[in-house]
Amino acid sequence: MPSPENSHAGAKTPIALELKNLRKEFHVHRGKTIIKAVDGISFSLKRGEILGLVGESGCGKTTTGKLVMRLLKPSSGSIIVDGEDTTAESANSKESDFAYRRRVQMIFQDPYASMNPHFKIRDVLEEPLLIHKVGSTKTERTEMISEVMRKVKMTPVEEFLDRHPHMLSGGQRQRVATARTLILRPEIIVADEPVSMIDLSTRAEILQLMKTIQQEMELSFIYITHDISTARYFTDRIAVMYLGRIVEIGTQDEVIDDPKHPYTKALIQAVCEPVSGRVGIMRELEIKGEIPSAANIPSGCRFHPRCPYATKECSEQPEPELIDVGGGHEQACRRWKEI
Amino acid sequence: MSETTSTVKPVLEVKDLRLHYFTSKGAVKALDGVSFDLMPGEALGLVGESGCGKTTTGVALLNMPSPPGRIVSGSIVIDGTEIVGMPENELRRTVRWSKISMVFQGAMNCLTPVYTIRKLMVETWKEHAPDASFDAAAIEERMLKYTRRVGLPDHVLGRYPHELSGGMKQRVVIAMALFLEPKLIVMDEPTTALDVIVQAQILNLIKELKRDLGLSYIFITHDLATEAEVADRIMVMYAGKMAELGMSEQIFAAPDAGAASPASHGSPATYGSPATYGSRGPLHPYTQKLLASTPLLRKKVSELAFIPGAPPDLIAPPPGCRFAPRCPFARKKCSEAEPPVVELEPRHLVACWKAMEDPAYAVS
Amino acid sequence: MNLKDSLDSLRGFWEEFSKVKTGLVGLAILIVFVLLGLFGQWLVPFPEATKHWLDITYWEDNPQAAPPVWTNWFSAKKGPPSLILTSPKVEKTSTDNGMVIQTSTFDFKDNYDLPPRDLIVRLGGNGPIPTKIAIFRPDGSGGEIWRDQLQLSPDQPTRVSLAHSAASGVIDFIRSANENLAFSMDPTLIKPVTLMFSQIDPDMVNSPKPMKGPYKIVVTQLVPSTDYKADIPTIGLSGYVAGILGTDKMKRDIFTGIILGIKWALIIGILTSVISVVVGVLLGIIAAYFGGAVDWVLTRLYELIYLLPVLPFLIVVSAIFKPSIWTLILLICLFFWTGSFKTVYSMALQIKEETFVEASKALGSGSWRIIVKHISPILLPYSFASMALSIPAIIVYEASVSLLGLGDSTIVSWGQILQAALTNGAVINNLWWWVIPPGLAIALMGMSFAFLGTALDKILHPKLKTR
Chain F
51 MPSPENSHAG AKTPIALELK NLRKEFHVHR GKTIIKAVDG ISFSLKRGEI
101 LGLVGESGCG KTTTGKLVMR LLKPSSGSII VDGEDTTAES ANSKESDFAY
151 RRRVQMIFQD PYASMNPHFK IRDVLEEPLL IHKVGSTKTE RTEMISEVMR
201 KVKMTPVEEF LDRHPHMLSG GQRQRVATAR TLILRPEIIV ADEPVSMIDL
251 STRAEILQLM KTIQQEMELS FIYITHDIST ARYFTDRIAV MYLGRIVEIG
301 TQDEVIDDPK HPYTKALIQA VCEPVSGRVG IMRELEIKGE IPSAANIPSG
351 CRFHPRCPYA TKECSEQPEP ELIDVGGGHE QACRRWKEI
Chain Y
26 MSETTSTVKP VLEVKDLRLH YFTSKGAVKA LDGVSFDLMP GEALGLVGES
76 GCGKTTTGVA LLNMPSPPGR IVSGSIVIDG TEIVGMPENE LRRTVRWSKI
126 SMVFQGAMNC LTPVYTIRKL MVETWKEHAP DASFDAAAIE ERMLKYTRRV
176 GLPDHVLGRY PHELSGGMKQ RVVIAMALFL EPKLIVMDEP TTALDVIVQA
226 QILNLIKELK RDLGLSYIFI THDLATEAEV ADRIMVMYAG KMAELGMSEQ
276 IFAAPDAGAA SPASHGSPAT YGSPATYGSR GPLHPYTQKL LASTPLLRKK
326 VSELAFIPGA PPDLIAPPPG CRFAPRCPFA RKKCSEAEPP VVELEPRHLV
376 ACWKAMEDPA YAVS
Chain W
115 MNLKDSLDSL RGFWEEFSKV KTGLVGLAIL IVFVLLGLFG QWLVPFPEAT
165 KHWLDITYWE DNPQAAPPVW TNWFSAKKGP PSLILTSPKV EKTSTDNGMV
215 IQTSTFDFKD NYDLPPRDLI VRLGGNGPIP TKIAIFRPDG SGGEIWRDQL
265 QLSPDQPTRV SLAHSAASGV IDFIRSANEN LAFSMDPTLI KPVTLMFSQI
315 DPDMVNSPKP MKGPYKIVVT QLVPSTDYKA DIPTIGLSGY VAGILGTDKM
365 KRDIFTGIIL GIKWALIIGI LTSVISVVVG VLLGIIAAYF GGAVDWVLTR
415 LYELIYLLPV LPFLIVVSAI FKPSIWTLIL LICLFFWTGS FKTVYSMALQ
465 IKEETFVEAS KALGSGSWRI IVKHISPILL PYSFASMALS IPAIIVYEAS
515 VSLLGLGDST IVSWGQILQA ALTNGAVINN LWWWVIPPGL AIALMGMSFA
565 FLGTALDKIL HPKLKTR
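Protein chains in written order, with the working numbering: chain F, 51 to 389; chain Y, 26 to 389; chain W, 115 to 581.
Hints in this document: simulated from the structure, not taken from any laboratory. All C-beta atoms, glycine included, are put in the ideal place defined by N, C-alpha and C. One should not assume that every hint holds.
Said to hold, decoys possible - Within a straight-line C-alpha distance of at most 27 Å, the following computed DSS-like cross-link-like pairs (lysine-lysine) qualify: (1) K330(W) to K123(F); (2) K208(Y) to K144(Y); (3) K201(F) to K330(W); (4) K96(F) to K123(F); (5) K208(Y) to K203(F); (6) K232(Y) to K261(F); (7) K377(W) to K191(W); (8) K170(F) to K330(W).
Stated by the list, open to error - Residues on chain F that point at chain Y, a partial pick, calculated with CB under 10 Å: (9) N142; (10) S143; (11) M217; (12) G221; (13) A281; (14) R282; (15) I306; (16) C322; (17) P324; (18) I331.
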């Protein structure tokens, strides 16, 4: 069975992706306002792992995803894929960009918007092959397309290939979107809220499918979501983001069952569950105020205006870096032991 | 089968409501025979996935289906007044916003950007106040009363929508639904577009308002977790019909249900002892599956359930029970005859052949 | 897309299209125009007209400024249509000195209230031959009205126009009826053919009354020898009315002109609109997609040209350079691309932000792939509608330029016809059949494209939304 050539040779490193101090600033209003969407992020994604990037809107998780995808250029910092620094000057050519895209793929949030409505499913899946000149004959390409369709359980394949996206359900479209990312055999997949626009009863199906494929193909996943409950189900590790920085990172058990950072605690406090006995009972929310604008980041620890445990030092002293609190579980609150 | 168990009259009585959208491809039977009641001070949750008819029910209660929709038959009685068949002018003046108001899905993003909040609210007043009197001072007082009640600072009245955050805009929309003092408010996905923490804050606000104002709510969402926070009773809808209607305790597990194994999540035997009502848990397979598909945060679940397939075509729905094609328990009978709505426990109604015939739930 | 897909989408498109009535009307009119344009060659009475539009000899036999034949239906006074009288009764009598007198008698029944404009006798032979022509009227009056020695040639027929040559002859036979009347007539001022067919009364010059009844026109030739081949003459009756749409002052059949003009109207309209829309769309997409300097340059260019007044510019350029029709087309294109540019620009800006474009970039798509595969197909429907909608204006521009006499005079266009009409005082002289048909044709064709374009726009516009 023909398969596209791997764009990289040799043994793969155990760390699939590493971000070092990644920053992204947007200059709006003719440069008068600077929005620091991503303000110094560092983490590593192990090969074959699913890392969840969790946070509310404006925390920078989607921007991080786009930086990893090279849809945006970082303002500073580095992105290291498989040991290679892809943000170095030498790696900035069109060819390296092109080669990069075979290794890192994206699943978008809106399954309908991410496909050209005039394309047939066949065309949607053939596009990556044509762009990267994989599969020299139509038959070869059709075989590859059928293979990924079977992988995402869209069978019988012929029934779907000639349809247009609007003829499929949301879940089916997202499967096709997944198939599209797989056809070039990437190493890393960035999934940006892949199931938030899909019906509840189908979400688990899609997530389960993604997990199966991920394990089979040894893919490394970055799963971006605002819904920490699905992150619990789907991910191995979770990184919690707030206003452009990671405030806590660890295994999902550590982060959810034993959160150390006040923001993580606040997030978990706020999540509702389908259990009885909640009606009429106020949910305790220790957190104050609202998310500030990324153009106006608070001094010191950026969470301090909202933190129920903040002291004067929190606003005056420099922002804490990630502190290891045991076994790889890291968080960014300097008072973590006291709270 | 009567819902009223005392002399208190329900604030809302819906009987056999049918609403169809007449498109060029045929009539989409978005609502096909739905009945329920709502008592004063009670919150009823409408839950279901896309296309189940929950939003349609909401707009039907204000008799504002978007064209080409029309209420085909059935009755809606709000505070003793029949809405179906009422002329548009009368509806606008005497019913909408004064007896029943609605927080529409995504309303916070539909605030006219060129009007201040004050102007928006005044316009609403002019449209719907029963007596068309325009006493600027009285209106201002009323507006402030409710903006304060929803936790907004006074200066918000002078601001424009784009100057407010998502949470504040949603509070504005809620204030607008409240300030003509209706008896009944319909909320359609009021927290879906909000961040987790803001969502929790708004839900707290809704709980406060429920406690303090004694209003009745209809709370529409696809998210069972949100529903659990607000609704006293929950109606699960599927493909334009009601699947199950029960008290919150009858639908959900009690918070101290202990370590529920994944397979039993949602099954009858795990629920704690009932308070006042029988509590054998959700009886309709769809509800059970829906619960099993909702991920929990505080309990680790190794496998989430899902329902293969998709909801039926509402132009030509399949015969019999509409859920039968996707139901793991479906039998021949299910695709032949539609199950009737039966009260299997006090205040717990189900439309399912399997549930009816289970000897544990003898029909009383 | 393979053939089956194309046919399917065409069928689907047709279903939608047929729902819009105005579109069908527009299409029908257009089809009629196209068919006439293609096959008109064989329908018109003067197939060689294109080559001879400016050649007066081609049109000699037509009456000048004659109204259309069907006006007889509406007029109280009916005039004869143009006819050719052939097959006369021929008699040959030999003379003593070996010559033959060839007499051709033509019968003509005149039941018309108005006289024909001319009688043209066409004769052929090889060499000199004495000829005379006489006319015999229903009331018995009449007689010889012309005689001369003609030099006939076998290749080209000789024409004798009685309107030009028979003045004195006509006065002669009037003299026999009313001497004073004949005396008062000035041969240079009277209309011989009119008088020939009118009753003889003192007022006949100013208000002639028709004499209805059978007429005989006799052409007598003295054939010199037996080797002389004297053709049987024919008489062309230049009618009072002529043609489906009448004739102009240069005797050209207007119907022919209109039919021939179709081809040019279609060519000018379609060619110009296609070129300008394609250019506008391409530039619009390029400006929107690449942004930055490219956008700046193109947008400034657009603004500059958009602000230039088209017609004055065209007039000036045409007056100085006297361009051919092809150059004119190019000039109009220069202006018209701006029409689609701005709209396409804003649409492309929107499409550029769509998630599927982002997804394509994430896959490694280059700019051209995105432009060609993702953006252009969405804009295609709009382009077609735009093309159809710009044609009316283009046709009018060309007509205006021609109207001012600055157009390409080697082609027959409706604008040309209109121009000729106005410079020759058609309006003043009430020659409505010269002015209205070309104007109507321009309006009709413009209207058909406008209907077509609006229908296309109506159907395709909702599909412009990508969801």
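The hints, checked one at a time:
| no. | hint | verdict |
| --- | --- | --- |
| 1 | K330(W) to K123(F) | 100 Å, violated |
| 2 | K208(Y) to K144(Y) | 24 Å, holds |
| 3 | K201(F) to K330(W) | 99 Å, violated |
| 4 | K96(F) to K123(F) | 23 Å, holds |
| 5 | K208(Y) to K203(F) | 50 Å, violated |
| 6 | K232(Y) to K261(F) | 38 Å, violated |
| 7 | K377(W) to K191(W) | 36 Å, violated |
| 8 | K170(F) to K330(W) | 81 Å, violated |
| 9 | N142 | 36 Å, violated |
| 10 | S143 | 40 Å, violated |
| 11 | M217 | 12 Å, violated |
| 12 | G221 | 8 Å, holds |
| 13 | A281 | 9 Å, holds |
| 14 | R282 | 6 Å, holds |
| 15 | I306 | 7 Å, holds |
| 16 | C322 | 4 Å, holds |
| 17 | P324 | 4 Å, holds |
| 18 | I331 | 8 Å, holds |
Consistency note: the structure conflicts with the earlier hints numbered 1, 3, 5, 6, 7, 8, 9, 10, 11.
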